[in-house]
Amino acid sequence: MKAASQISTAKVTLSLEGSRLLLSGELQIEAVGDVDRAAVMKMAQGITEINIEALTRMDTAGAWLLVDIQKSVAAHAAEVAIRGASEAQEQLIETIRQNMPPDEKPLRETKTPIDRLEDYGQMVVRGTKTAIELTSFLGQVIATIGGILIHPRRLRLTSMVHHCQEIGINAIPIVFLMSFLIGVVLAFQGSAQLRQFGAEVFVVDLIAISILRELGILLTAIIVAGRSGSAFTAAIGSMKMREEIDAMRTLGLEPVTILVVPRVLALILMLPALGFIANLSGLLGGALMSWIELGVSPAVFQSRLVSNTDVWHFSVGMIKAPFFALIIGIIGCYEGMKVGGDAESLGRLTSTSVVLSIFMVIVVDALFSIFFAILGV
Amino acid sequence: MEDTDDDHIIRVRGLVTRFGTHTVHDGLDLDVRRGEIIGVVGGSGTGKSVLLRAIVGLLKPNAGHIEVFGQSVRDTPEEEYRQLRRRWGVMFQDGALFSSLTVRQNVEAPMREQLKLDDDLRKTLAGIKVRMVGLPENAMTKFPSELSGGMRKRAGFARAIALDPEIVFLDEPTAGLDPIGAAAFDILIKQLQAALGLTVFFVTHDLDSLHANCDRVAVLADKKVLAVGTMQEMLEVEHPWVREYFHGPRARAAIESSRPKGAA
Numbered sequence: 001m002k003a004a005s006q007i008s009t010a011k012v013t014l015s016l017e018g019s020r021l022l023l024s025g026e027l028q029i030e031a032v033g034d035v036d037r038a039a040v041m042k043m044a045q046g047i048t049e050i051n052i053e054a055l056t057r058m059d060t061a062g063a064w065l066l067v068d069i070q071k072s073v074a075a076h077a078a079e080v081a082i083r084g085a086s087e088a089q090e091q092l093i094e095t096i097r098q099n100m101p102p103d104e105k106p107l108r109e110t111k112t113p114i115d116r117l118e119d120y121g122q123m124v125v126r127g128t129k130t131a132i133e134l135t136s137f138l139g140q141v142i143a144t145i146g147g148i149l150i151h152p153r154r155l156r157l158t159s160m161v162h163h164c165q166e167i168g169i170n171a172i173p174i175v176f177l178m179s180f181l182i183g184v185v186l187a188f189q190g191s192a193q194l195r196q197f198g199a200e201v202f203v204v205d206l207i208a209i210s211i212l213r214e215l216g217i218l219l220t221a222i223i224v225a226g227r228s229g230s231a232f233t234a235a236i237g238s239m240k241m242r243e244e245i246d247a248m249r250t251l252g253l254e255p256v257t258i259l260v261v262p263r264v265l266a267l268i269l270m271l272p273a274l275g276f277i278a279n280l281s282g283l284l285g286g287a288l289m290s291w292i293e294l295g296v297s298p299a300v301f302q303s304r305l306v307s308n309t310d311v312w313h314f315s316v317g318m319i320k321a322p323f324f325a326l327i328i329g330i331i332g333c334y335e336g337m338k339v340g341g342d343a344e345s346l347g348r349l350t351s352t353s354v355v356l357s358i359f360m361v362i363v364v365d366a367l368f369s370i371f372f373a374i375l376g377v
Numbered sequence: 001m002e003d004t005d006d007d008h009i010i011r012v013r014g015l016v017t018r019f020g021t022h023t024v025h026d027g028l029d030l031d032v033r034r035g036e037i038i039g040v041v042g043g044s045g046t047g048k049s050v051l052l053r054a055i056v057g058l059l060k061p062n063a064g065h066i067e068v069f070g071q072s073v074r075d076t077p078e079e080e081y082r083q084l085r086r087r088w089g090v091m092f093q094d095g096a097l098f099s100s101l102t103v104r105q106n107v108e109a110p111m112r113e114q115l116k117l118d119d120d121l122r123k124t125l126a127g128i129k130v131r132m133v134g135l136p137e138n139a140m141t142k143f144p145s146e147l148s149g150g151m152r153k154r155a156g157f158a159r160a161i162a163l164d165p166e167i168v169f170l171d172e173p174t175a176g177l178d179p180i181g182a183a184a185f186d187i188l189i190k191q192l193q194a195a196l197g198l199t200v201f202f203v204t205h206d207l208d209s210l211h212a213n214c215d216r217v218a219v220l221a222d223k224k225v226l227a228v229g230t231m232q233e234m235l236e237v238e239h240p241w242v243r244e245y246f247h248g249p250r251a252r253a254a255i256e257s258s259r260p261k262g263a264a
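First to last, the protein sequences are chains A and B.
Taking my numbering, the leading residue of the first sequence gets 1, the next gets one more, and so forth.
Taking my numbering, the leading residue of the second sequence gets 1, the next gets one more, and so forth.
Careful, some of the hints might be misleading.
Said to hold, decoys possible - Just a few of them, taken from the derived set where beta-carbon distance is under 7 Å, the chain A residues facing chain B:
#: 1; residue: G33
#: 2; residue: T56
#: 3; residue: D59
#: 4; residue: W64
#: 5; residue: Q91
#: 6; residue: L92
Claimed, not checked - The calculated lysine-lysine pairs, modelled on DSSO-like cross-linking and capped at a C-alpha distance of 27 Å, are:
#: 7; chain 1: A; residue 1: K111; chain 2: A; residue 2: K129
#: 8; chain 1: A; residue 1: K71; chain 2: B; residue 2: K116
#: 9; chain 1: B; residue 1: K116; chain 2: B; residue 2: K142
#: 10; chain 1: B; residue 1: K123; chain 2: A; residue 2: K42
#: 11; chain 1: B; residue 1: K116; chain 2: A; residue 2: K338
#: 12; chain 1: A; residue 1: K129; chain 2: B; residue 2: K142
#: 13; chain 1: A; residue 1: K11; chain 2: B; residue 2: K123
#: 14; chain 1: B; residue 1: K123; chain 2: A; residue 2: K111
#: 15; chain 1: B; residue 1: K123; chain 2: A; residue 2: K71
#: 16; chain 1: A; residue 1: K42; chain 2: B; residue 2: K116
#: 17; chain 1: B; residue 1: K142; chain 2: A; residue 2: K11
#: 18; chain 1: B; residue 1: K60; chain 2: B; residue 2: K223
#: 19; chain 1: A; residue 1: K111; chain 2: B; residue 2: K142
#: 20; chain 1: A; residue 1: K71; chain 2: A; residue 2: K11
#: 21; chain 1: A; residue 1: K338; chain 2: A; residue 2: K129
#: 22; chain 1: A; residue 1: K111; chain 2: A; residue 2: K71
For the record, the hints were derived by calculation from the structure and aren't laboratory data.
Being a predicted model, the structure only gives us computed values, none of them experimental.
Idealized CB from N, CA, C, for every residue including glycine.
Start from the sequences and build out the full structure, keeping to the hints where you can.
This is the structure we're talking about:
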């Protein structure tokens, strides 16, 4: 098949005249996109001159097309001259020529199975590293707390009280409401099932045990992880980003003492308190719903609660609280310390911090379940 | 005056901008000629960047009229404004690159949004722009967070010129660069201005950069453009701030260093 002798689009016309390629019209980026470049290359084989005298406009994309034609023709045959360029166009063409892509095609990155295996390996190594670092950070914080026990004056009391307010007092409404609603839901769902057996009154045991033992403290921990854990990461992370942490170190201030310990201690103090509030409001919601739905009067609810629910159920829940607090605090602060110089890592690590601390809280909760089952409480 | 209205690619008339009760510009006038490099200087807080933002339409002035290519920036319909916007590029202070995209993808972004090009062509053209601003080949696939400040600025410049604009707006192109990097950036601006026939509007504090680049300088003070002219003309302005700016020790050093090339 013989190559065409003229190719035109809305903006530009390329035509062959002997061994000269003539261009006219406007050779700008859209036109370069519209033109069938493969056909142009085919048509241009064997030319010795590209004439652009009739071009009214040309941008970098246009200049690139010219240089590309020139290169591809010159690769097979004789040199090709570009004629008829104005001084500005010539300068542009020269600039483009200096910045043409390297000839060898960059290797396309494909992943072999070995690469994928390596990725997995690296993931495992990274995970292990994080676990080790987290443990060492935990050790550092505990050592600092130990130091504070020996020298209580090192404790930043003002900062700790401030964080108690932030973490504890300000979270009371949300924790109260959430737990109250969970109590309501449990009573409602429980009564629907238990009524089938005529065992409505056992709804009290259901609510008391599930709230006191598991739900009250677990849901509180999850809310606190979302609320305060993320705030720790964001606050410490942005300080890290603005080099405040480095500034502290140069001034002889220990960031763990100043930033981490008050937060972690405040959390350890406040999470049990919040869990206690959650327990109360959960029972309150459950009692209210039992009364409305089943006609279990508050007095009956109370007497059944006292006589049938072992105090250990409450203790089991409360024992877990400080451990959850430690997990949330350590992970929140650790991820904050890992933030680099860019805002993107701050966002990424804040969400990692929340996800990881909620996950760890649930894992530890499961371990506690096994532990208490073995102990038989 | 010898220049006619046709030569004025940007025309600002009676610009007033306020933030709350704080007036930044009060009746500011400025003309930019086609093909020139104009530097806008002024003390901190005199509204240099605000002026730039008002011209490109990021900020709505409280009063006044701004024309670019003879069209009003504010009163044109959306479709025409899109067309207008294609004819200029903006480089923000720290490059303002999209952090989730690589350098090359950043340069491709305006092409992808504005034009229908096939992938290969777009990649090739973006690659040329990245090379034109003097970034090394391996920078193409890097993310902005992996680049130094100077490289980010260059990449921001590459994105600003991705669609071959007629005007580029540069916000403090040399701020935060070391003297070598700043000088290299000055040369880059000059080179690309010549190669692409750009009109360059740049906001700066850098006296060396003014000397190296500018055809004209506009001084912002007292909420207006106090003086416009060449560097030499600036030296004769009597206003105290302008005197201090262009006759201060740093200015003198910059003038001294540029004299061997400029004079004689």
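Evaluated hints:
1. G33: holds, 4 Å
2. T56: This hint is violated: T56(A) lies away from chain B, its Cβ roughly 14 Å from the closest one there, beyond 7 Å.
3. D59: holds, 4 Å
4. W64: OK, holds: W64(A) within 7 Å of chain B, min 6 Å.
5. Q91: holds, 5 Å
6. L92: Cβ of L92(A) sits 5 Å from chain B, so the hint holds.
7. K111(A) with K129(A): Holds, at about 25 Å.
8. K71(A) with K116(B): Roughly 25 Å between the alpha carbons, so the hint for K71(A) and K116(B) holds.
9. K116(B) with K142(B): Roughly 25 Å separates the two Cα atoms, so the pair holds.
10. K123(B) with K42(A): holds, 22 Å
11. K116(B) with K338(A): Measuring from Cα to Cα gives roughly 42 Å; hence the hint is violated.
12. K129(A) with K142(B): holds, 25 Å
13. K11(A) with K123(B): holds, 22 Å
14. K123(B) with K111(A): holds, 22 Å
15. K123(B) with K71(A): holds, 18 Å
16. K42(A) with K116(B): The hint holds at about 23 Å.
17. K142(B) with K11(A): violated, 36 Å
18. K60(B) with K223(B): holds, 17 Å
19. K111(A) with K142(B): Satisfied, since the Cα-Cα distance of roughly 19 Å is no more than 27 Å.
20. K71(A) with K11(A): holds, 24 Å
21. K338(A) with K129(A): holds, 13 Å
22. K111(A) with K71(A): violated, 33 Å
Consistency note: the structure conflicts with the earlier hints numbered 2, 11, 17 and 22.
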